[in-house]
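> These are the residues of each chain, in order.
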Amino acid sequence: MFKLEAYNKLLVSTSVAAVLALSVVGCMGESTAPSGSDASVSLDIDGGVSHPVVNGKTGNYYVNPQAIGAKINNGRVPNAAELAKWDTDLQPVTELSPEGHGIPEGSGSVEDGETIYEAQCVMCHGDFGSGGGGYPALSKGNAYDLQKTLTNNRWKDPEADGPTRVFGSYWPQVTTMWWYIRDGMPHPFSDSLSVDETYALTAYILNINEMEIDGEEVDDEYVLDRAKFLKIKMPNVDGFEPNIAGANALPAVRAYFGKASNFGGQNLNQGAVRCMTDCQEPTAKIKRIQNGGIKDFIPAMNVTRDLPVKEAVAIDVKKVYTESCAMCHSAFLAPGSGDWAGYTPKGIDKVYANGIKGTEGGMPAKGGTDLSDADFKTMVDYLISGKIK
Amino acid sequence: MDNKESQDQTTIDRRDFFKKAAAVSVTALAGTSLLANESAGKGDPAIMHHTKWGRKWGDPVTKNQYGIPSAYEHNVIRRSTKLLASGNFRASIAVTPIHESQGIITPNGLFFSRSHGGTAHVDPNEYRLMIHGLVEKPIVLTLAELKRYPSVTRTHFIECPANGGQEWRGPQFNSVQFAKGFMASAEWTGVYIKTILEDLGLKPTAQWMLAEGSDNSKMGRTLPIDKILDDAMIVWGQNGEALRPEQGYPVRLLVPGWEGNLCVKWLRRLEFSQEPWYCKEETSKYTDLKPTGKAIQHFYANEVNSTVTSPSPELPWTDLKDGDVVEIEGLAWSGMGTITAVDLSFDGGKNYEEANLKGLVLSKSWTRWSYMHTYKKGKKLLLTSRAIDDAGYIQPTIDQEVSVMGVEAVYHRNAVETWEVTEEGKVNHVQIRSV
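Chains as they are written, first to last, in this note's numbering: chain A, 17 to 405; chain B, 7 to 441.
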């Protein structure tokens, strides 16, 4: 039964794509090109080209026809506990969904939220959510006032103030904040806050954004719970396009992205021209990188093909001694005697040289290690120092 | 080593010799005639001397059982910058050296890396994928069970929609790696989601799918059903091997042509719903604010785009001689279809000539283009490339794009970009624009 529905869905999708292409569609696998000439392409929701399977191929790729519609029955049905454990997402209140989705019972106060914030959040998000340390600001002041800055654009006046995009002024839904705090915060130790702690932090963030719920200011005494949470309306809830909510969202999205001028595109099928001669806007001029630009590349930009400079890594003298020297040099510090006195008078350089090259019937070259000369000398110094005793 | 010129070659010690040989090969790679170097007449030392590797044993085959690049390639690496250091480089990006890229495949180790809570290291034995919501039968799959579906292999780029996004108000990076390297391309292997849905049965009210990662940010995004029933894939293979941890090992979503951010890594859960989700990375970020004050949300496809990779700020023409014939090369790509043409301008977009596509030209894939140019020493150029795709999209001028989008959008900037080639052959990033 569900099998059939899946196919119906596939059929619907293909027809919609074809309708968008202003053409007629027969069945799955047959569609019409944007130009009306090529049966192997159709338009997708993004206004781009997709390639239904035609004559055993999708675009340039062959398709195994046996794999389409094959009865594959892998895996198992998850149990309720498993679903509950992972299905922790939140969806906002909408017309179709008056209770939202996944919004749990619980409560937390602004006061408790501030305490948690000061303990676990302030080091990254700054005092009162002001930002810093490479983490985003959570507030820049009154959300309703700052929402009005979203029409600021440094397009024609580079010196003007830009728009302020923080939680209060920009985000369309409060469920995003609750969900992200619960599942993704604190950044180095995520998934560690309780439901009530999450309500408390959300309350605190609403407070520093100077927001209201149902006409009531979220002041220092405010206690947020699920019922109040459902009533939160973000100042910028209507600030986004295309519309994605409701039972007929997808046609709206298709229509939006079907029109290049909505998103700054130029489409040759929608009146754009492929200009080849004398194309430049007369007012256009060369704009160069200002003030040297950004160049703190990590690591620094370099295209040479040389050998990397080896970073000197200090050897662990005790470890090397135990693994490579102790077999002989624990019984006697220097070959054949109890100390180095008989050797060092010839000069330490002679000791180093003998050690590095090895001596006939005695010391193997570098004691059989692959130490660098410098590291080997460090080992000699270590042995002579007598610290191993 | 510069003072060695007057000395007999044989007195040069080995250490200096190898430095010199390396310098000569770099010059050779850049296309200059060897006869132009100081050893003309005596012969090129790289030929005349015994090489270190030519008369000694090389490594046994048992060394490097997973191969590594030549030590000489150590500068061909992903890079980051403090500007993008968010979250101690754990909500950050490291970008691909596209000036060093060959063909249309990026090696896995160089594939740009973006995460929202650091690179997760998932134990494949504990890997589970849960699919639920508006389906007739929810399921949970192990990695082995997932891989048992019939696989498909496709070549697609993944591009961060913030590629070029630091430069809405003017050029900032004198580097093609940073100006255009928030992307890479690979051959991916996995299963179409629609293949799995044939068994699960999608309910008719389903409009959206949530994809959620298992990393510490639980990175999630909403996708429309259209794309799921078209070409969205769950992938485990990249360029013939398992995904790298930076790419979501063991399993990520692959949404051909669309925002890289939608290709959720360390994927653990897909849920179908009638209403969308409003995830953090599709509201607070990855939305394009226009001068009207409205922001575009769910801006799926990376639009048609191109860049000149050679020459570039990293690969200048300072060593070219007058009259040298040189290949101008670049990449073109579109998340909305297949590249049909690339035009190249030498005067910053005033006049264009059509360049040549080369190699495989695939849908939603990097496409190589090429133009043979006779270099005129001392002549300043403004190199601008412009790509066209089979959905009819052509790259806008900066003025055209900015007139609709303003300069605060951050994402999806695909206007033409320009390299200035100076009289000396140096290459600078510039923009040709009115405001």
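In case anyone wonders, no lab produced these hints; they're calculated from the structure. Owing to the predicted nature of the structure, the values given are computational and were not obtained by experimental measurement. Be careful, since some hints might not be right.
[Stated by the list, open to error] Straight-line alpha carbon distances no greater than 25 Å define the calculated BS3-like cross-link-like pairs of lysine-lysine that follow: (1) A:K164 with B:K382; (2) A:K101 with B:K209; (3) A:K101 with B:K143; (4) B:K209 with A:K172; (5) A:K301 with B:K385; (6) B:K385 with A:K275; (7) B:K364 with A:K73; (8) B:K383 with A:K301; (9) B:K432 with B:K385; (10) B:K364 with B:K88; (11) A:K301 with B:K386; (12) A:K393 with A:K334; (13) B:K432 with A:K311; (14) A:K164 with B:K296; (15) B:K364 with A:K303.
> Indicate, hint by hint, whether the structure satisfies it.
Checked hints:
no.: 1; hint: A:K164 with B:K382; verdict: 53 Å, violated
no.: 2; hint: A:K101 with B:K209; verdict: 23 Å, holds
no.: 3; hint: A:K101 with B:K143; verdict: 18 Å, holds
no.: 4; hint: B:K209 with A:K172; verdict: 49 Å, violated
no.: 5; hint: A:K301 with B:K385; verdict: 19 Å, holds
no.: 6; hint: B:K385 with A:K275; verdict: 41 Å, violated
no.: 7; hint: B:K364 with A:K73; verdict: 22 Å, holds
no.: 8; hint: B:K383 with A:K301; verdict: 24 Å, holds
no.: 9; hint: B:K432 with B:K385; verdict: 11 Å, holds
no.: 10; hint: B:K364 with B:K88; verdict: 36 Å, violated
no.: 11; hint: A:K301 with B:K386; verdict: 15 Å, holds
no.: 12; hint: A:K393 with A:K334; verdict: 14 Å, holds
no.: 13; hint: B:K432 with A:K311; verdict: 17 Å, holds
no.: 14; hint: A:K164 with B:K296; verdict: 13 Å, holds
no.: 15; hint: B:K364 with A:K303; verdict: 32 Å, violated
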